[in-house]
Amino acid sequence: MNKRLRVQSILFAMSLFLLPIVALILFSQHSTYETEQGLTRFVNAFLTSYTIASVFFVINMFQYSKSRKEPTAPWISMTYAAVLGIFTTLLLSSQGGFLMEENGSQRAQVLYNVIHFTVTTLAIGTVVSILVLILFVNLGVKETENP
Amino acid sequence: MVYDLRVALLLWAPLGLMFLSLGLQFRKDTAVQRVGKVLGIAGLVLFSVSFLTVPSSPSAASSALFVSILPSLILMIFGLYLALFSGEIPVRRFDPIMRPIGLLLFVLGFALFESMHWSDFSMLPSTTWDGETNRFWMVFRPTFLLAMSSFLLTGGYLVHLVQKRTTQSSLALYATGLCSFMLLMASVFFDGSSTTAEEFHTSVLLAASDVLGFVAGVGLSILAFGLTIWQFERKRPQLNQLPPPNQQQLAKAAEIVQQNLGGDDDE
Chain F
-16 MNKRLRVQSI
-6 LFAMSLFLLP
4 IVALILFSQH
14 STYETEQGLT
24 RFVNAFLTSY
34 TIASVFFVIN
44 MFQYSKSRKE
54 PTAPWISMTY
64 AAVLGIFTTL
74 LLSSQGGFLM
84 EENGSQRAQV
94 LYNVIHFTVT
104 TLAIGTVVSI
114 LVLILFVNLG
124 VKETENP
Chain E
1415 MVYDLRVALL
1425 LWAPLGLMFL
1435 SLGLQFRKDT
1445 AVQRVGKVLG
1455 IAGLVLFSVS
1465 FLTVPSSPSA
1475 ASSALFVSIL
1485 PSLILMIFGL
1495 YLALFSGEIP
1505 VRRFDPIMRP
1515 IGLLLFVLGF
1525 ALFESMHWSD
1535 FSMLPSTTWD
1545 GETNRFWMVF
1555 RPTFLLAMSS
1565 FLLTGGYLVH
1575 LVQKRTTQSS
1585 LALYATGLCS
1595 FMLLMASVFF
1605 DGSSTTAEEF
1615 HTSVLLAASD
1625 VLGFVAGVGL
1635 SILAFGLTIW
1645 QFERKRPQLN
1655 QLPPPNQQQL
1665 AKAAEIVQQN
1675 LGGDDDE
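First to last, the sequence lines map onto chains F and E.
Sequence positions in the first sequence follow this note's numbering and run -16 to 130.
Sequence positions in the second sequence follow this note's numbering and run 1415 to 1681.
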């Protein structure tokens, strides 16, 4: 596949990914959706998933450092993750009070974010499992037809 | 204070155990993996009953939702698993007759999941909590349908690009993704049994923010850690500059291959 075709393919794949969201936005004239509420949700989802994924990767970096005999790997990755995390948090939350949804306190908001992340992860995890299983269920059939 | 401690022990600690269990599955030691599985099952059971043990906690609604959607999720995943491992593959585990049954189970699971939104039949798992629509149901269903539409349509296209033995897979992914998208749009235009079309539309737009935030957050994290790994890996010698494997390494490789191959000994 040449480079131009590859870029076109990636752009088309991204458009397909965004197509349902764009369609929903086009039909949203009568919805009570507020952009600020959506942005708050985006930032909360972003920061929660970034934090939890980073903790998960840091733990795995210790395993990596042991198997590759690179003792500094976890500490360097932690530094990158922390710097990037602090930078994006400052960038996204610089408007003050931006991250609070319908919860009474900061603690309630943090706990709600974790539960919300768990529910979203369950939904996305199920979809990814379905995607992989559908892919392989049909690969098996095709393989037998053309050995 | 006492109640907070109860919530911490009966809801949050079990949830933490589930995440810990997931992390322990990546350890090489099988004994540690086994301990992780036990902790994960204990956490799952305790979290599942937390809507009974600490019902007044706002987070208990997520536990009630989990129990409600569990039958449909099990039917969908187990159905596809059955269909996959009863097909004509070298590592077949089930009789070929189970393949259509597996696909039927997947369709039934999906139908059960959708009927929870469209019908208020009392035999169906409940989507309400504390007399209202469960707030986490309004997170899970929009996210599930939206992610299914986006991921499966994109997956269908990417699989189509590979072009080797994947035409049928690509079509199946497109069809399921499209079906999910139609259900999403139907929910935006028509009221469900306990939610109006307008409420659902707002929820699905918030779910879009969620999905994009989730993908961006996990993506940035992968980027940060990928950068570190790339930094270390590029310093290592090229594969063609490595010495050939010794007998011990070859024996280890043969053992791993043997562990991961199915079928009879004479194959």
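Keep in mind the hints are simulated off the structure, nothing from the lab.
A few of these clues could be false.
Each computed DSS-like pair below joins lysine-lysine, with the alpha-carbon atoms no more than 27 Å apart [said to hold, decoys possible]:
{"hint": "1", "chain 1": "E", "residue 1": "Lys1666", "chain 2": "E", "residue 2": "Lys1451"}
{"hint": "2", "chain 1": "E", "residue 1": "Lys1451", "chain 2": "F", "residue 2": "Lys49"}
{"hint": "3", "chain 1": "F", "residue 1": "Lys52", "chain 2": "E", "residue 2": "Lys1442"}
{"hint": "4", "chain 1": "E", "residue 1": "Lys1666", "chain 2": "E", "residue 2": "Lys1442"}
{"hint": "5", "chain 1": "F", "residue 1": "Lys52", "chain 2": "E", "residue 2": "Lys1666"}
Below, a sample of chain E positions facing chain F; criterion: calculated Cβ distance under 10 Å [what the hints assert, rightly or not]:
{"hint": "6", "residue": "Leu1423"}
{"hint": "7", "residue": "Ser1435"}
{"hint": "8", "residue": "Val1481"}
{"hint": "9", "residue": "Val1521"}
{"hint": "10", "residue": "Leu1522"}
{"hint": "11", "residue": "Phe1565"}
{"hint": "12", "residue": "Gly1569"}
{"hint": "13", "residue": "Leu1626"}
{"hint": "14", "residue": "Gly1631"}
{"hint": "15", "residue": "Ile1643"}
Beta carbons are placed, not taken as given, at the ideal position from N, Cα and C, and that holds for glycine.
Quick one: which hint numbers does this structure break? Sort them smallest to largest. Hints 6, 7, 8, 9 and 10 contradicted; others consistent.
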